[in-house]
Amino acid sequence: MNRRTVLELALGASAALVVGVGPQHTAHAADAGPRLYAFVPTGLGALSFQKLLAQAMPGTQVVVFGRHRDFDNALAEGPDGVLTLEPILRAKQLRPVVVGNNTSGSTEKYALISVGQAVEPADVTSVGAVDILGRQGMKEFVANLLGTSAKIEPVTKVEDLLPLLQLGSVDAVLAPERLVHALQAKSKLDLHTTRAPGAVGLPALSVMTAAGTVLARDVKRLGPQVCEEMGVTRWD
Amino acid sequence: MGLRLKHGLVAMVTSVALCLGCAAKRASTITFVPRSGTASRSTSKSKSADSRTILVVMSTQLSAERVWVGMKGELSSDFDLAAVRFDDEATISAMSDAIHRTAPACIVLMNNSNARLYARYQHALPEGTQFPPAVIVMTSFLQDTVKSIKNATGISYEVPGAVQFVKVRSMIDAPVRKVGVVYRRPFEPFVSEQRRLALREGIDLVGREVSLDPSQNEVSTALKSLVERDGVDALWVSNDEALLSQRMLSSVWLSSSNPRHRMPVIVGEPNLLTKEHPVGTFAIMPDDVALGIQTANLIFDVADEGWKIGERELSLPISIKTVVDADEVRQKFVFKEGALDGVEKMSR
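Sequences listed follow chains L and C, in order.
For the first sequence, the tail end lands on 236 under our numbering, and the numbers increase by one without skipping.
For the second sequence, the tail end lands on 348 under our numbering, and the numbers increase by one without skipping.
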């Protein structure tokens with residue numbers, strides 16, 4: 001096996017870890033605490049967010065998913081709880097037991113970010129967004145958020161929204177307003193923002209087994225750093 | 001008229017040869033992934049396919065497998081999938097066999113060799129033959145390749161320079177305002193387009209053109225001009241095989257006289273960061289799994305439009321993977337906070 005092959009295998013293994021199909025995903029010792037599956041797009045990479053969340057929840061087997069499809073498939077494994085955005089829980093018909101809040105309630109505002117000039121939501125014909133609900137689900141999600149239908153360019157992570165603007169692939173991209181500053185700091189494009197008419201439910205916890213009931217307490221005790229990554233200031 | 005008759009006869013003979021080839025050679029193994037479930041089966045038997053089959057013609061490389069993983073996850077609930085793995089020695093009859101056995105609504109071609117093979121397959125068939133839409137990925141400089149294939153579109157394999165430069169700029173506490181690139185003459189349109197995109201991000205891409213078959217001295221001189229005369233802050237190494245031959249690597253890129261050591265050097269392959277080939281400081285390439293997902297979305301779009309390619313422009317890869325030798329980079333630059341988040345780290 002040559003050096004390149006070793007490196008490629010390493011990269012592949014690392015990618016598997018990010019999407020939650022690596023070794024930590026299969027090691028489910030009965031005494032290792034409840035399993036929490038989380039899918040919350042943040043400004044961090046999935047692996048970094050997993051480290052942060054796992055450190056904040058010792059005694060819990062935390063698996064963070066970087067992509068909607070992997071999270072969707074893994075739900076069939078029956079985790080003890082899931083932590084994800086409220087629209088995803090709703091689409092899966094899962095009941096939230098702990099709901100994230102910010103200073104204005106349990107939803108957050110999104111911005112339409114465009115290059116050159118601000119766009120009117122009703123005039124947007126193509127929009128980039130992180131895929132949280134799959135092809136059909138995203139059509140409804142974006143239509144609810146913008147009040148109009150637009151062609152969606154789905155991406156797998158927040159970081160990939162900027163290339164859509166750099167390459168002129170879309171009229172605008174959708175992101176939580178709290179992430180706009182980070183995007184502007186990274187780019188020298190002439191970026192403009194417009195508030196989207198709708199709002200998106202913040203992350204919430206759904207408990208799926210009896211063993212998962214302790215997760216409600218643990219999520220409510222999460223520290224400010226990990227909460228901030230999710231746009232949450234308080235859990236109810 | 002005579003010429004047309006001659007072409008017709010050649011096409012007819014070729015078609016017969018293709019059919020005979022199908023029968024004579026051992027059929028390639030096709031992996032079928034049924035639409036509804038995750039169960040897959042490998043078979044070499046014929047399959048009666050319907051119009052919802054996507055045929056994926058791929059190589060056996062790990063990167064192709066990762067693209068296949070991303071694509072399969074998105075498409076398998078809506079389409080029947082069939083994957084066939086060809087090496088560089090695959091024949092037109094093997095391609096023909098795979099197509100006949102799957103009757104695909106759409107064909108995905110991964111890698112240069114499979115795109116070339118499919119082009120030869122098309123050219124071997126009579127004028128006027130209708131072909132299903134083809135989506136080409138993982139192919140170098142696709143804008144040229146796609147011209148030789150009918151009813152085709154795809155996603156370029158070159159990560160746009162602007163995306164790469166901004167990534168590096170976001171990682172290190174050093175200016176990335178002027179980036180230099182050495183390129184061969186045929187790549188001038190590509191470099192021009194990259195320059196336009198980079199300017200939007202406030203980055204000046206300076207190119208030094210070399211001839212079609214440049215000498216080592218020519219490339220070396222161009223490189224020195226970029227650094228010493230143009231004063232670039234960073235270098236971008238084009239994924240052009242002619243500029244990265246073993247000869248060029250040893251006598252230009254790895255030569256002690258190469259002035260690259262003082263600045264970030266962006267390459268498109270992680271093996272150009274290794275101890276044996278320490279050409280670059282950052283390797284930036286498409287994220288293969290995300291590329292598979294992007295390919296799947298492109299196929300959904302083509303399907304929504306009645307399997308028509310039309311005047312669709314080629315897409316660009318959106319999601320990138322970055323590899324750095326963090327220890328090496330730390331010796332020369334200061335990383336910004338969070339710079340290594342989501343970045344693959346390797347050590348020489």
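Treat the hints loosely; a few may be bogus.
Pairs of lysine to aspartate or glutamate residues, derived as EDC-like cross-links and limited to a Cα-Cα distance of at most 20 Å, are as follows [what the hints assert, rightly or not]:
no.	chain 1	residue 1	chain 2	residue 2
1	L	186	C	301
2	L	151	C	341
3	C	275	C	327
4	L	139	C	304
5	L	51	C	341
6	L	51	C	337
7	L	139	C	341
For the record, the hints were derived by calculation from the structure and aren't laboratory data.
Going through the hints against the structure:
1. With a CA separation close to 31 Å, the supplied pair residue 186 of chain L and residue 301 of chain C exceeds the 20 Å bound.
2. For the proposed pair residue 151 of chain L and residue 341 of chain C, the alpha carbon gap of about 30 Å is over 20 Å, so the pair is violated.
3. Distance restraint check for residue 275 of chain C and residue 327 of chain C: the Cα-Cα separation of roughly 13 Å lies within the 20 Å cut-off, and the hinted pair is therefore satisfied.
4. About 14 Å separates the Cα atoms of residue 139 of chain L and residue 304 of chain C, which keeps this hinted pair within 20 Å; it holds.
5. This hinted pair checks out: residue 51 of chain L and residue 341 of chain C have alpha carbons roughly 11 Å apart, not beyond 20 Å.
6. Among the hinted pairs, residue 51 of chain L with residue 337 of chain C is consistent with the structure: their alpha-carbon atoms are about 17 Å apart, no more than 20 Å.
7. For the hint linking residue 139 of chain L to residue 341 of chain C, the alpha-carbon distance of about 30 Å lies beyond 20 Å, and the restraint is violated.
Checked against the numbered hints above, the structure breaks hints 1, 2, 7 and satisfies the rest.
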